[in-house]
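Listed here are the chains, written in short residue letters.
There are 2 protein chains.
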Amino acid sequence: MTNSNFLNIKNGRNLTMLVDFYELTMGNGYLDNNVGDKIAYFDMFFRRVPDGGGYCIMAGVQQLTEYLSNLKFTEEDIDYLRSKNCFDERFLEYLKNFKFECDVWAVPEGNPVFPGEPLVTVRGPILQAQFVETMILLTVNHQTLIATKSNRICRAAEGRPVMEFGSRRAQGYDGAIYGARSAIIGGCTATACTIAEQMFKIPASGTMAHSWIQLFSTEYEAFKAWTKTYPDNCILLVDTYNVLKSGLPNAIKVFDEILKPMGYRPKGIRIDSGDITYLTKKCRKILDEAGYEDVKIIISNSLDEHIITDVLSQGAKIDSFGVGERLITARSEPVFGGVYKLVAVEENGEIIPKIKISENEEKITNPGFKKIYRLFDKSTDKAIADLISLHDEKIDDTKPLEIFDPVHTWKKKKLTNYYAKDLMVKIFDKGNPCYKNPPVKEIQKFAKEETEKLWEEVLRFENPHTYYVDLSNKLWNLKHSLLNKFSDLYD
Amino acid sequence: MTNSNFLNIKNGRNLTMLVDFYELTMGNGYLDNNVGDKIAYFDMFFRRVPDGGGYCIMAGVQQLTEYLSNLKFTEEDIDYLRSKNCFDERFLEYLKNFKFECDVWAVPEGNPVFPGEPLVTVRGPILQAQFVETMILLTVNHQTLIATKSNRICRAAEGRPVMEFGSRRAQGYDGAIYGARSAIIGGCTATACTIAEQMFKIPASGTMAHSWIQLFSTEYEAFKAWTKTYPDNCILLVDTYNVLKSGLPNAIKVFDEILKPMGYRPKGIRIDSGDITYLTKKCRKILDEAGYEDVKIIISNSLDEHIITDVLSQGAKIDSFGVGERLITARSEPVFGGVYKLVAVEENGEIIPKIKISENEEKITNPGFKKIYRLFDKSTDKAIADLISLHDEKIDDTKPLEIFDPVHTWKKKKLTNYYAKDLMVKIFDKGNPCYKNPPVKEIQKFAKEETEKLWEEVLRFENPHTYYVDLSNKLWNLKHSLLNKFSDLYD
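Those sequence lines, one after another, are chains L and A. Those letters in the first sequence? Residues 1353 to 1843, by this note's numbering. Those letters in the second sequence? Residues 1353 to 1843, by this note's numbering.
Any given hint could turn out to be false.
Identical copies go unnamed one by one, so any copy, or any two together, can satisfy a pair.
[What the hints assert, rightly or not] In the EDC-like style, the derived pairs of lysine to aspartate or glutamate whose C-alpha atoms are separated by at most 20 Å in a straight line are:
1) K1708 x D1624
2) K1424 x E1453
3) K1837 x E1814
4) K1390 x E1702
5) K1715 x D1624
6) K1800 x D1748
7) K1730 x E1802
8) K1837 x E1428
9) K1648 x E1754
10) K1765 x E1573
11) K1580 x D1440
12) K1826 x E1645
13) K1708 x D1646
14) K1597 x E1713
15) K1648 x D1440
16) K1766 x D1429
17) K1597 x E1794
18) K1619 x D1781
Worth flagging that the hints you see were computed from the coordinates, not collected in a lab.
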């Protein structure tokens, strides 16, 4: 990987300095107190699925890999930091010679993930493991948010293609670019974002805007001009003036008078406003009667999973959807609240677990260096539960396994005929990338397969069953022994 | 301006291909129909203020300038487009030799702006004026959204400093970087985003995270270590274990035992969780009794304008705020719905206005090449109304002016003792940049001054008065004459 490929943005750019300033003041402080090299373990995890859903779709590992592979402070960066008058020369020298040395594990992209489990774990000198916090969170929070939203919207479409159309309303350029990438991971079949096709080999598509129609003297003339240029991909936008009184009649006239003599079939019509259910039913009937049963109806007006579910249940006749602002910003819940917490340090080679307590139980962290096992039913291939264990615990899935609810510990379940999958993969070994990121289309396929392994009660949009994320006996005991040490703070 | 400075991202990047694919299919179609050079006028405008507010703060003109100054298709871009098998060689040749030739006008950054008025107007060959749609919308929509949200949050803080802390929850890297820029324009005093200071000369700051506290054997040891490194800027995070039972007593102990003998005063404490009102009142009292009346209390827990208003009205003792995810994503309403519409074309040198009609009256556009006058009361300097007129109308503000409500036309108002300000500036002349973008800190100051010229009824958070955006007589008549032509579509 070269710098020119950094973050896959054409021409490259260096985002090493995209970092919360406190990572730098802490870094300087760690060195100043001679603990900069102390080995620390950090987990990135989230606490709640957006939109009340049952799971999230992990995304962003490729960009995280590219970021971590290209950390580099320039002379200009060092000079700027020096000008802040709060950093020691020793720290600036450290940054100048910065070489990433951490081990990093992550859940591969496309996996369904659940609250409380580590999505990324970093082990290394605390100065470094701390420094990368901002970009790990920024990268995974954003892409997981959009992949998760896209997955909801695509499931609502029930197999109909969904195209991502949101660049113009995204929150910044990367919001559009990586948002398009994440939308594809979640299930979208294409994007309107051209640069995303160049960068990620995901299909870009698009036809015309209302301005095309307005430019010509009449809607008919505009359709005619379009059809002559694109006879083999003729999709006409029919709502500039009035769908039923103008757009559709003009489209059919052009299909009959222009396209047919040229020897082509039309591909579709697009409707971008108005009463979707009413209009699509009417249009379908009129198209069918005109002999255009194969012409698709494409809808693209402020859609999300709820509106799509609604119009389909009302019998709207839609073949595919273009989804914009509500997908690219995850409008209904635009924040993915991933956090990055210290979970252990090493003292003389021994791992000492650390806990972050809180008066809010949800905010108490799972201590220690951990891994995640996903447990599947052998007969159905469905996921039963995730089990978070300490890193050195092994599950022998030839033997029965008893799991229990970490809060209501009397709720137990004995598993037989199951298999266990180790969910996290190592992506950096002592600072060197050691994982091959798959192409986006493969991640999309994987996400679909893994999502289908969830019970439909977990897939539900509203009030899904809570998927079990349990702790191993050893981890549960460790956590509670640490909590007991702080019990005087709760009286 | 050089390419290496493009979009001000360090090391540069080329976002020419960040474009909705349909801009390209239309471009090819315009050329194919021999109308690519037809002169067209497009307006960017929005229809509704987010969060039910009374106005927005314009932002993004500098990045728009940089984008338009650096449009360039590489060989690789041309090859990629050729591989799509839908573009003529003539079009690819056009792109290869692309030279931006449009005139562009914009409302300068920091101005309060209102629904329905053009924020950006582009005049030029339709192929080009169409092409830039995606990036104009993406740039101005994002930055205006965040500047507007920031302005609300900063006004709620009633003069207390507000710091932008949201990078980790932003929607992508640019969401963090340009979000920080926009947050400063809206009124924030600083950001945690380090690279934003380098790029925009806006102050970056930050101290410590909970991980610093956790790393040391005790909270006291952690505070002591910090204080020794940063005696001159000692702000301690006191909520890792328990604010009142542990954090604050330890902080005061360190202030007394470590900092005082070193000859320094502490700067502040930060609280990131819990009951803000209760905790800050208690902390203020304890700090004061310990002789630390000058030590500031900084709060940073999921804040927005409503929570800030709430806790201040309850008497919380807060000196400054750190605001994260709810600002950087404009969480309460994360979409800014700016649109870009064709409003006129030239035929034989004459401007022919175009209108986009809709069954939804709000979506009907204002036709023609226009300008905006902001009308101020001479005696109070308060803004009375905006008047959108045709581009060649001049207001003689030495004479009385009658304005009227464009919907309820019988509501009229006669202005005397007023002055008129032409709001839009030309930023490109025949493709050449002709406007000097001011530094961000100047834009911030300007935004504050211009906002203070609005009546407090417009500034209100909930149910503000609607600021008048009227049409000149000439424009109103033009619009209605065009609408009447389409009246048969509404029967």
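Hints, one by one, checked against the model:
no., hint, result
1, K1708 x D1624, "between (50 Å within a copy, 13 Å between copies)"
2, K1424 x E1453, "within (13 Å within a copy, 39 Å between copies)"
3, K1837 x E1814, "neither (39 Å within a copy, 47 Å between copies)"
4, K1390 x E1702, "within (12 Å within a copy, 74 Å between copies)"
5, K1715 x D1624, "between (44 Å within a copy, 12 Å between copies)"
6, K1800 x D1748, "neither (28 Å within a copy, 65 Å between copies)"
7, K1730 x E1802, "within (15 Å within a copy, 67 Å between copies)"
8, K1837 x E1428, "neither (47 Å within a copy, 62 Å between copies)"
9, K1648 x E1754, "neither (52 Å within a copy, 52 Å between copies)"
10, K1765 x E1573, "neither (69 Å within a copy, 44 Å between copies)"
11, K1580 x D1440, "between (68 Å within a copy, 13 Å between copies)"
12, K1826 x E1645, "neither (62 Å within a copy, 48 Å between copies)"
13, K1708 x D1646, "neither (60 Å within a copy, 30 Å between copies)"
14, K1597 x E1713, "between (60 Å within a copy, 18 Å between copies)"
15, K1648 x D1440, "neither (65 Å within a copy, 26 Å between copies)"
16, K1766 x D1429, "neither (56 Å within a copy, 58 Å between copies)"
17, K1597 x E1794, "neither (44 Å within a copy, 52 Å between copies)"
18, K1619 x D1781, "neither (51 Å within a copy, 41 Å between copies)"
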